[in-house]
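J.: These are the residues of each chain, in order.
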Amino acid sequence: MADLQEYLDEGREHVAAMDPPTDLWARALARSNGADADLLDLTGSAQRRRPTFWLAVAAVAAVFVVVTAVVATDRDEDVDTAPVAEDPSVTDPPQGTTTGPRNNGRVAFYDNRFGSWDVFLVESGVGARPLEGAASSDDEVCPTWSPDGMRLAFGRQTTSPDTADMDVSLVILRVERDGSTGVPQSIALDGFRPLPGFDPHPCAVWSSDGRWIALAGGGEVWVIETQTGAIQRIPDLRPSDLEWRPGTDELAIAGDMGSDRGDPTASAPVVMYSASAGDLRQLGSIEAAHITWAPDGSVLAHQAGEGGPSSIGLVDADGTGERLLVADAGEANHGIGPVWSPTGDRIAFQRLIGDSAEGHEVVLVTVADGSQTVIAPPESNEAGGVRQWFPYYVTWAPDGRTLLYSAWHRGGSPGASTPSGLLAVSADAPDEFQVLTDSAPATGDYSHRWAATQMWGRQEG
Amino acid sequence: MGSCRGVRDVLIDAASVAERARETYEVQHVRLWRAVAVWSGSTDVADEAVAEAFAQLLRRGDEVLDPASWVWRTAFRLAAAELKRRPTGEPAEPIVTLPLNESDLAIDLVRAMRHLSPQQRACIVLCDLLGYAAEEAGDLLDTSAAAVRVQRMRARRRLRTLLEVNDG
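Protein chains in written order, with my numbering: chain P, 1 to 461; chain G, 1 to 168.
These aren't lab readings, by the way, just hints derived from the structure by calculation. Even for Gly, the Cβ is constructed at its ideal location relative to N, Cα and C. There may be inaccurate statements among the hints.
[Claimed, not checked] Which chain P residues face chain G? A few, computed with CB under 7 angstroms, are given here:
(1) 8
(2) 18
(3) 27
(4) 28
So here's chain P without its partners, still in its complex pose:
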């Protein structure tokens, strides 16, 4: 019996021997000039198709081109993930079908509404607004809140118009509750380069005490002491996840993103780096691409990368006690893997819905007993009809009861890329959600996504 590869090899040989008709270009030219004399009857009969058919085909194609596509619609909810350059006049009135949670702080995100990437803040009941003092002609990306919610870290990229050289720095900025900002601390990341094909975004993740920041770039992991700006660089790592163990100076490093953006995100042995001691050790025998710590730092949840098992496992912080939490977490092609709630009782992850190509639902698993709750994509009623929101990635708000979706929705204006936004969704009553902004491109796909876990600051409302 032949194996699948033999079938495919035969198919490849066959395809390579197929040649198109030699007059395709002539047909295209004739049609572009309005002629239809050469049109074949696609049903196979000799009857020539009426010109209106091709008008209809053209109309169908035009509609498909700008709105959706059969290839795309058959992948049902699929749409492009490219961000849309927004009209600077766009305002962000708070939207939503219900009142959203009001006890969390501000969500930081970045958008290119004004011609360059800028950091914005949004919170329940208040529209998105640019971060004070941060808007400039430079690109400012990947904002993350320090665990105390007082400081914001983001990457800044300056490109020389003469040489196309790029300077990358990490900016740390104190942000007061009224939105005013302090003097920015800028730490030059000399030698920072993204992996080929990835956005050149330094995406910082804070340690629980706010002393350390980690980011990845150019096949290295960078660890930065936030007070002094001292930098440590750990070579030969292309991680897909970085997570500081709460209460310690230990950074867990997982996954391998490959040599460029086209490579799958693979599992790799999880290693722990002590920022104070500067040493590296392997965490037990687990391999993973996505990890998340329990808020007390005692247990790590982990999930494999592409091609690996779809389970979610747990392991104690010393690398022992491996056990299974979720046997089959399904498939996903967006998201940041499992995310432990700040209250410690649940873990959120997302998975593809049925045969959908990119439409995900969110699953909450209770750590104590493994029970699961599925949260269907929220639906909001808009003037143009019902919008169904699908998460690019899901994280938790500081209260541990609210989920933050960086999400996209079906539909959108002709010619636009994927419409996307930020949603606050009640974990216990998912029908209660709020669209914090419907203009927040999900820019994490071609960047490092772990920063999403710290998009939501911990300031009390």
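Chain P is fixed; fit chain G onto it per the hints.
T.: For chain G alone, kept in the frame of chain P given last:
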């Protein structure tokens, strides 16, 4: 004077558009035609979809920023629209009119591919039969590389079942 220059500019623009479209055609049309033919199961559909896609590219001129990706998406969409339009009363399925008499395995493969979803079929055609990387296929199909990989994995799983192959 200004009027004359305007006319000349229009002509230059038109020539530039045609030249760019032609360059795209030279680079893309063979693999595009093969992809649409295998994906749809019909050389007739491929002929028409590819010719019409390039005709639309010529009409749209410099509105199209990335002609290669655009013409791929448009050709697939035209082909899919035609398959859906066929009055079979059944879910759209490709009508196999490919010259496949030389290889039993290829015949079985193409028949099995009819039972894949359109996006799964597209991923198999581009990645497994035409050799595109997931990233390239994602660009051409207007989706992400990750989605291509997932759809391809599902397609291969389904093909193994349909073909009852033993490499499971």
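J.: Looking at the structure, which of the earlier hints fail to hold?
T.: Every hint satisfied by this model.
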